[in-house]
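> Next come the chains, spelled out residue by residue.
There are 2 protein chains.
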Amino acid sequence: MSRDRIAKVQKSLVAHKIGALLVSDFYNILYLTGFKTSVPEEHEAFLLVTKKEAVLFTDRRYKPNYKPFLFYSREKRLTGHLEEISKKSKVKKIGIEGDSLTVSEYQTLSKKLPKLSFIATVGVVMEQRQIKDSGEIEKIRQACKLTDQCLSAISKTIKVGQTEKEVAFNIEQWAKKRGCDLAFSPQVASGRNTAVIHYEPKDSNRRIQKNSLILIDIGLKYKDYCSDVSRMFVVGTPTKKQQDSYVKLLQVEENVLKKIANGKSLKEVDDFCRNEIKKNGLPDFFHATGHGVGLDVHEPPVVSFRDERMIREGNVFAIEPGAYFDGEFGMRIEDTIVILKNKVEVLTKFPKKLLQL
Amino acid sequence: MSRDRIAKVQKSLVAHKIGALLVSDFYNILYLTGFKTSVPEEHEAFLLVTKKEAVLFTDRRYKPNYKPFLFYSREKRLTGHLEEISKKSKVKKIGIEGDSLTVSEYQTLSKKLPKLSFIATVGVVMEQRQIKDSGEIEKIRQACKLTDQCLSAISKTIKVGQTEKEVAFNIEQWAKKRGCDLAFSPQVASGRNTAVIHYEPKDSNRRIQKNSLILIDIGLKYKDYCSDVSRMFVVGTPTKKQQDSYVKLLQVEENVLKKIANGKSLKEVDDFCRNEIKKNGLPDFFHATGHGVGLDVHEPPVVSFRDERMIREGNVFAIEPGAYFDGEFGMRIEDTIVILKNKVEVLTKFPKKLLQL
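If you're matching them up, the sequences are chains R and U in order. Under the numbering used here, think of the first position of the first sequence as 104, with each following residue one higher. Under the numbering used here, think of the first position of the second sequence as 104, with each following residue one higher.
This is chain R alone, in the form it adopts within the complex (with noise of 0.2 Å):
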């Protein structure tokens, strides 16, 4: 599978006017050789791409099960390969992916090498990861399922008084005895905290209280793909307009998905959602109405009105409409889904409406 993933980079070369790029994205690297490093946003690997093969390069303290692969030596760092592998290839140009490498990296390279240029190029191997085949597919679903039990697990374990901490916690052990990985660490956030968008409960001493709503926040990883998934909770009863609200953003919500298609541009899908929340008398929220979801949580093509580009067959998105009352409450909803070619699969199947605990 990575040889026919490598195979497509090679194609691209051309287009992009390289004689080779030099992968350091984590992921990247992840997706086209299945090797992986201890650290994602550290570049203690780098892979080659040449026409005719695609080294890996890693420091000693790794064993790569990808081949071929060499070893930074104390005489040869990176550069010292790169100087050889070029000469060897014949390359002049090697690209370098300009959303990863820093400036500092990319200095580095133009220094030591003088006799290279080095083009800076953006998505040559997320052009491809965003289209998803049916492998990732089938462990994103896998993924989305791992959430939906440990949701319907963990929500039957809520109670009044509990921190919102120990509900995080509670999340975190049920994926970790599974030998579960999360690709995000769970928000979960209670009253008035659920209208802080990027809430973290492990700052907080917060106690759920009666009446008071619950947000949920959660992704669970299956053989390093990710899910991403909210649901919102009530233990005892909702106020009305907490109720109204829920009703309103839910139905914006489930309009979304009708809506999301193949061939639709992705500005037309956040402007369509914007304006579903408008129409409801919501307020707007400010963030995306969505993202890809894959090897990384957070990846291309993003659900916004800056994208105009097309939604395509095998995207995987994280759709999620918010309507936050500052200082009142928040809440949100939000699935994982996958763009088929004549339909839309929704893969997070845990129930919608208002779950009164």
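Please keep in mind that the hints were generated in silico from the structure rather than gathered at the bench. Just to be clear, a hint being listed does not mean it is correct.
[Unchecked claim] A few chain U residues facing chain R, derived, Cβ under 10 Å:
1) D162
2) V225
3) G294
[Claimed, not checked] Covered, in the sense of this in silico footprint (three residues per stretch, anywhere, with C-beta under 8 Å from a C-beta of chain U), are these stretches of chain R:
4) 159–169
5) 265–279
[Claimed, not checked] Ranges of calculated distance between the beta carbons of each label pair, as one might list FRET restraints:
6) I234(R) x K248(U): 46 to 52 Å
7) P171(R) x F389(U): 15 to 21 Å
8) K166(U) x D107(R): 44 to 50 Å
Please read these numbers as outputs of a predicted model, since none were measured by experiment. All C-beta atoms, glycine included, are put in the ideal place defined by N, C-alpha and C.
Following the hints, position chain U against chain R.
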């Protein structure tokens, strides 16, 4: 406190020949303002430090407790704000953080703001962060104390037949129950896996066997500050080779802790350590002798032959010599230490004899 830190950055602008510094690194922003975004590797906030002010930019999903701050809007993105402030403050040259900003981000700034020049800088804030003040040292001391307590509690629970994963899970659980963040995912390796330097127990179902070595490398956080420690255990009896190697490695580590001091060079200490390893007939190890520890668990300065700079009062290091016998077993002993004026304080105090469980 953060005002003093910002003042130091402002003072250094002239030396760097810039009118302002655009801080993008998550930990640098946290260090200067106390503000943090959700995902360290995503640039969801920027701090512009001019001679007279330091303005934080972020999006409306956040509620900064730092002032002054400005939100990006649909109309005015970061570049719009930068343009306005540079005009007002008569700034022409803005330093960017070369180790943090990506090539694409740099290109966007240069393209959208052609009247300004963006200069890549390295370490402007990190220079300051490397020297910990007494408040920071106290937080790291507390983080180390928690890590000692965790090792003490967990080592009592390790049993033959347990999976490495379960031990790692118990460590996480211990920390989370106390509201502690982990500085990194716990490494628990047993038997042959101890020879794998970046070992991830979650990818294995290996169970702890009788008479096998166990390597535990963990770090907990206290108020955002990290600790980092590695200890070796054995359930049962070690082999003679294991016992002998351990005694030698411990001697090496303790000699390094005696050698390292204010005013010595980083290279000198790394060379000394490798020489001690060699003298003791142990195999060379493929990682640095040590690294800085602070808000980030791996930060400059690195105790490596590549760096000839001086060790200074207020540096905090994790010192971690190792001995890895490929395919057989490996061992590492690691302590977090602080360099004081005339002495070194070892902050991790968990006993260092090869603990038989």
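> Run through the hints listed earlier and report the numbers of any the structure violates, in increasing order.
Violated hint (a single one): 3; every other hint is consistent with the structure.
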